[in-house]
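Line by line, the protein sequences are chains A and B.
Following our numbering, the numbering of the first sequence begins with 88 at its first residue and continues without gaps.
Following our numbering, the numbering of the second sequence begins with 44 at its first residue and continues without gaps.
One should not assume that every hint holds.
Said to hold, decoys possible - Derived CB-CB ranges, DEER-like: (1) Gln72(B) / Pro173(A): 30 to 38 Å; (2) Arg204(A) / Ala82(B): 19 to 27 Å; (3) Glu135(A) / Ile57(B): 36 to 44 Å.
Said to hold, decoys possible - Below, simulated DMTMM-like cross-link-like pairs (lysine to aspartate or glutamate); rule was C-alpha separation at most 20 Å, straight line: (4) Lys84(B) / Asp167(A); (5) Lys84(B) / Asp157(A); (6) Lys84(B) / Asp117(A); (7) Lys151(A) / Asp121(A); (8) Lys84(B) / Asp107(B); (9) Lys151(A) / Asp232(A); (10) Lys151(A) / Glu118(B); (11) Lys151(A) / Asp107(B); (12) Lys151(A) / Asp219(A); (13) Lys84(B) / Glu180(A); (14) Lys84(B) / Glu117(B); (15) Lys151(A) / Asp114(B); (16) Lys84(B) / Asp121(A); (17) Lys151(A) / Asp167(A); (18) Lys84(B) / Glu95(B); (19) Lys151(A) / Glu231(A); (20) Lys151(A) / Asp60(B); (21) Lys151(A) / Glu180(A); (22) Lys151(A) / Asp192(A).
Source of the hints: derived by calculation from the structure; they are not laboratory data.
The C-beta atom is built at its ideal place from N, Cα and C for all residues, glycine as well.
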Amino acid sequence: MTSTAEQRAPVTVGAESTLAVVSQRFGSFDVPRDRIFALDPGLIGFPEAHRFVLLDSRPGSPFKWLLCVDEPELGFAVVDPAQFVPGYVAPLEQAAAALGCSAADVALLVLVTIPERPSEIFVNLLAPIVVDLGRRRGRQLVLEDPALDPAHRIPLLSPAAAAR
Amino acid sequence: MLVLTRKIGELVRIGDDVTVRVLAVRNRQVSLGFVAPSAIKIFREEVLQLIESGNRGAALAGRDPLNAVADLWEEVGRDEHR
């Protein structure tokens, strides 16, 4: 019994620093625990989903993957709106006030919806997700600006490229 | 459902620290004023419904859609992205 415990010791250490997430839809991951952050309250419409991790979809891609470690079948594509939506005024002050941190610590993400034709993807500018990565907590803001589009198309292809 | 009848200017108090005042009634619209701690979020129902349905629609069915978008991005990126 003692020898078994000794043999398992390295595995136990690993299990403390990472969380094994097994998802039918997305596969299996060992998520470093220090990369997990909490959305409180959870995403609107998913009140049971609190702990998330942001993963690269692939190296260098702006499309990140927001995976719920509480409900591993729940995952989203997200992007930093600054890269896709020129002129989107990031509500950093509001986010910082909501999270109780400074604006410099806030990372801003918007949810991406990928329709059947992936070139028609759109993002939700009305309800960005803001995360204080230092303290690993965040929330989905509801912005009170009627000019913000909850289904803002983002050009993945230029018209010339799309015509090819 | 609790139903209260209020005149313009009158208040309803909810719990210890939320008040709702009827500010005006015009045609078929009612203006309400809310005073509540900032931790209590107050939204129009239809805004939350819109975001909720948007969130549900954004949930991924698997890795393929995200891969498809990343592929498209890379494909275009060879000529166009800086």
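Status of the hints after comparison with the structure:
1. A hinted range of 30 to 38 Å for the beta carbons of Gln72(B) and Pro173(A) is consistent with their spacing of about 36 Å.
2. Checked against the given bound of 19 to 27 Å, the beta carbons of Arg204(A) and Ala82(B), roughly 41 Å apart, lie outside it.
3. Checking the proposed 36 to 44 Å range against Glu135(A) and Ile57(B) shows it is violated: the Cβ atoms sit about 26 Å from each other.
4. Taken as a hint, the Lys84(B) and Asp167(A) pair is broken in the structure, with Cα atoms around 25 Å apart against an allowance of 20 Å.
5. The straight-line distance between the Cα atoms of Lys84(B) and Asp157(A) is roughly 24 Å, outside the 20 Å bound, and the hint therefore fails.
6. In summary, the hint linking Lys84(B) to Asp117(A) is not supported, as the alpha carbons are separated by about 35 Å, beyond the 20 Å threshold.
7. Annotation: proposed proximity of Lys151(A) to Asp121(A) holds, straight-line Cα distance about 18 Å (limit 20 Å).
8. Distance hint between Lys84(B) and Asp107(B) is unfulfilled; the C-alpha atoms sit about 36 Å from each other, more than 20 Å.
9. Distance hint between Lys151(A) and Asp232(A) is unfulfilled; the C-alpha atoms sit about 26 Å from each other, more than 20 Å.
10. Restraint check: the Cα-Cα separation between Lys151(A) and Glu118(B) comes to about 17 Å, which is no more than 20 Å; the hinted pair holds.
11. About 14 Å separates the Cα atoms of Lys151(A) and Asp107(B), which keeps this hinted pair within 20 Å; it holds.
12. For the hint linking Lys151(A) to Asp219(A), the alpha-carbon distance of about 17 Å falls within 20 Å, and the restraint holds.
13. Of the supplied pair hints, the one linking Lys84(B) and Glu180(A) holds, its CA atoms being roughly 17 Å apart against a limit of 20 Å.
14. The straight-line distance between the Cα atoms of Lys84(B) and Glu117(B) is roughly 40 Å, outside the 20 Å bound, and the hint therefore fails.
15. Distance check on the hinted pair: Lys151(A) and Asp114(B) sit about 13 Å apart at the alpha-carbon level, within 20 Å; holds.
16. Under the criterion of a C-alpha separation no larger than 20 Å, the hint pairing Lys84(B) with Asp121(A) is inconsistent with the structure, at around 29 Å.
17. Pair hint Lys151(A) plus Asp167(A) holds up; C-alpha atoms about 9 Å apart against a cutoff of 20 Å.
18. Distance hint between Lys84(B) and Glu95(B) is fulfilled; the C-alpha atoms sit about 15 Å from each other, no more than 20 Å.
19. At most 20 Å may separate the alpha-carbon atoms for a hinted pair to count; Lys151(A) and Glu231(A) exceed this at roughly 26 Å.
20. Under the criterion of a C-alpha separation no larger than 20 Å, the hint pairing Lys151(A) with Asp60(B) is inconsistent with the structure, at around 40 Å.
21. Between Lys151(A) and Glu180(A), the direct Cα distance comes to roughly 24 Å. Violation of the 20 Å bound is thereby established for this hinted pair.
22. For the hint pairing Lys151(A) with Asp192(A), the CA-to-CA distance comes to about 19 Å; that is within 20 Å, so the pair holds.
Checked against the numbered hints given earlier, the structure breaks hints 2, 3, 4, 5, 6, 8, 9, 14, 16, 19, 20 and 21 and satisfies all the rest.
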